[in-house]
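Enquirer: Same order as they appear, the protein sequences are chains A and B. Counting with this note's numbering, you get residues 1 to 250 for the letters of the first sequence. Counting with this note's numbering, you get residues 1001 to 1127 for the letters of the second sequence.
Hints should not be assumed to be uniformly reliable.
No more than 25 Å apart at the CA atoms, straight line, and that leaves these computed lysine-lysine pairs for PhoX-like [what the hints assert, rightly or not]:
1. B/Lys-1002 with A/Lys-46
2. A/Lys-114 with A/Lys-46
3. B/Lys-1002 with A/Lys-84
4. A/Lys-84 with A/Lys-114
5. A/Lys-147 with A/Lys-46
6. A/Lys-241 with A/Lys-114
7. A/Lys-114 with A/Lys-147
8. B/Lys-1002 with A/Lys-114
Short, incomplete list of chain B residues facing chain A, as computed with Cβ under 10 Å [as the list claims (entries may be wrong)]:
9. Val-1005
10. Pro-1007
11. Ser-1016
12. Leu-1024
13. Glu-1026
14. Phe-1042
15. Arg-1045
16. Phe-1068
17. Met-1089
18. Val-1092
19. Arg-1094
20. Leu-1095
21. Arg-1099
22. Ala-1103
Covered, in the sense of this in silico footprint (three residues per stretch, anywhere, with C-beta under 8 Å from a C-beta of chain B), are these stretches of chain A [said to hold, decoys possible]:
23. 92-105
24. 162-169
25. 199-207
26. 234-247
In short, the hints are calculated from the structure, not lab data. Note that the Cβ used here is the ideal one computed from N, Cα and C, for glycine as well.
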Amino acid sequence: MTMAEPTVSLEIFRYQPDGGGTSTFQQYQVPYHEDWVVLDAINYIKDHLDGTLAYRWSCRMGVCGSCGMMINGIPKLSCATFLKEYYPHPIRVEPLANFPIERDLVIALDDFMKKLSRVQPWIVRTAEAPLGAGEYRQTPAELDQYKQFSMCLNCMLCYAACPMYGLKPLFLGPAAIALAHRYNLDSRDEGRASRQEVLDDEHGVWDCTLVGECTTVCPADVDPAAAIQQIKLSTALDWIKRALRPGGSA
Amino acid sequence: MKTLVRPMPMLWWLRSRAYVLFMLRELTSVLIAAYLVVFLIFLQRIAAGPSSYGSYLHWLAHPAVLAFHLVALAAALYHSVTWLQLTPMTVVIRLRDRRVPAATIVAANVAAWVAVSILIVWLVVGT
């Protein structure tokens, strides 16, 4: 006689764009293994129970940032969230909050991609040095200035955690601002003034009211909330400098 | 493709403890604004002369008004303490290529806050 294998219940959000525009939750019983993450359970469903389930994943090791989902209401990487954190209770899996849903757990990325490119997340130079001049050199201390903000996976958990983005979809949002800050702090970069047009815009840093949840949910310890507040401070200091300059106006 | 947009529910802020604490912190501003209104009336009454100032003082002694002041003080303290706790996020100071620890920045801010408060109390009560 064998003992019945333990199972765990997953309630998964389902939406089919050609299915009348309604969404529902579907329940699946999945074998419980102590070393399984939520993504393993979803892969099991896809392979053994229901091949119609749509979701994104790639690396399975917390690097690619594509398997972000709402797990019991909290944005998490499903590859880094173990079933044992919830067992024996059911686990509710939804697509990342605040984004339009394309199908099941797949969200539309367009808005984030547009915002990301607006902050020019690359090294901007006013004039490129000739190749013969060699690489732009940087000391470890200069690297240390921005390294934390360069760890972003573009997983968008911070957007799902940010109620301001949910309420004001035009808000540039945590990850895009953190990456703007990453390049602003880079000693090789000269693009701050042009990024500032986007950051100091009505829907730039000032839409942030510092809820702080972007930082709490970030799987890469980027601390986007800090990036936003630091830009607010430097922008305010710019404004004071302009106002104090002889003949200057704010 | 037809995407599905799920609107934010009106009670979104009840979803997590962090959101509730955030909303409580935002609401402290309402009490602080209300206190400032009471304070502006106080200035107006001083300007209006001794009798109106006297009746204002009498009104201030009402238990409900006292209770309001205590609640507004608690709100201001909660707002100030949580605000100071967030300062290391914004203030990045490097000494000899090392970032000054968060606790040091919070402690310096709290010390400055206490010093300014003592100065104000001394100015108001001590002279």
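Enquirer: Next step is simple, just say for each hint if it's right about the structure.
Expert: Hint check results:
1. B/Lys-1002 with A/Lys-46: This hinted pair holds, its Cα atoms lying about 23 Å apart.
2. A/Lys-114 with A/Lys-46: Violated, because 31 Å separates the two Cα atoms, which is more than 25 Å.
3. B/Lys-1002 with A/Lys-84: violated (36 Å)
4. A/Lys-84 with A/Lys-114: violated (37 Å)
5. A/Lys-147 with A/Lys-46: violated (38 Å)
6. A/Lys-241 with A/Lys-114: violated (32 Å)
7. A/Lys-114 with A/Lys-147: Between A/Lys-114 and A/Lys-147 the Cα gap is close to 24 Å, so the pair holds against 25 Å.
8. B/Lys-1002 with A/Lys-114: Judged against 25 Å, a Cα distance of about 19 Å means the pair holds.
9. Val-1005: Interface hint status for B/Val-1005: holds (5 Å vs cutoff 10 Å).
10. Pro-1007: The hint holds - B/Pro-1007 has a Cβ within 10 Å of chain A, the shortest such distance being about 9 Å.
11. Ser-1016: holds (7 Å)
12. Leu-1024: violated (12 Å)
13. Glu-1026: B/Glu-1026 check passes; min Cβ-Cβ to chain A is 7 Å, inside 10 Å.
14. Phe-1042: Hint violated; B/Phe-1042 Cβ to chain A Cβ min 31 Å, cut 10 Å.
15. Arg-1045: Violated: closest Cβ of chain A sits about 35 Å from B/Arg-1045, beyond 10 Å.
16. Phe-1068: Hint on B/Phe-1068: violated, closest Cβ of chain A at ~26 Å, above 10 Å.
17. Met-1089: Hint holds; B/Met-1089 Cβ to chain A Cβ min 4 Å, cut 10 Å.
18. Val-1092: Holds - the Cβ of B/Val-1092 comes within 10 Å of chain A, reaching about 7 Å at its closest.
19. Arg-1094: Holds, because the Cβ-Cβ distance from B/Arg-1094 to chain A comes to roughly 8 Å (cut-off 10 Å).
20. Leu-1095: violated (12 Å)
21. Arg-1099: Cβ of B/Arg-1099 sits 8 Å from chain A, so the hint holds.
22. Ala-1103: This hint is violated: B/Ala-1103 lies away from chain A, its Cβ roughly 16 Å from the closest one there, beyond 10 Å.
23. 92-105: holds (count 5)
24. 162-169: With 3 residues closer than 8 Å to chain B, the region 162-169 of chain A meets the three-residue bar; holds.
25. 199-207: Violated: only 0 residues of the region 199-207 of chain A have a Cβ under 8 Å from chain B.
26. 234-247: violated (count 0)
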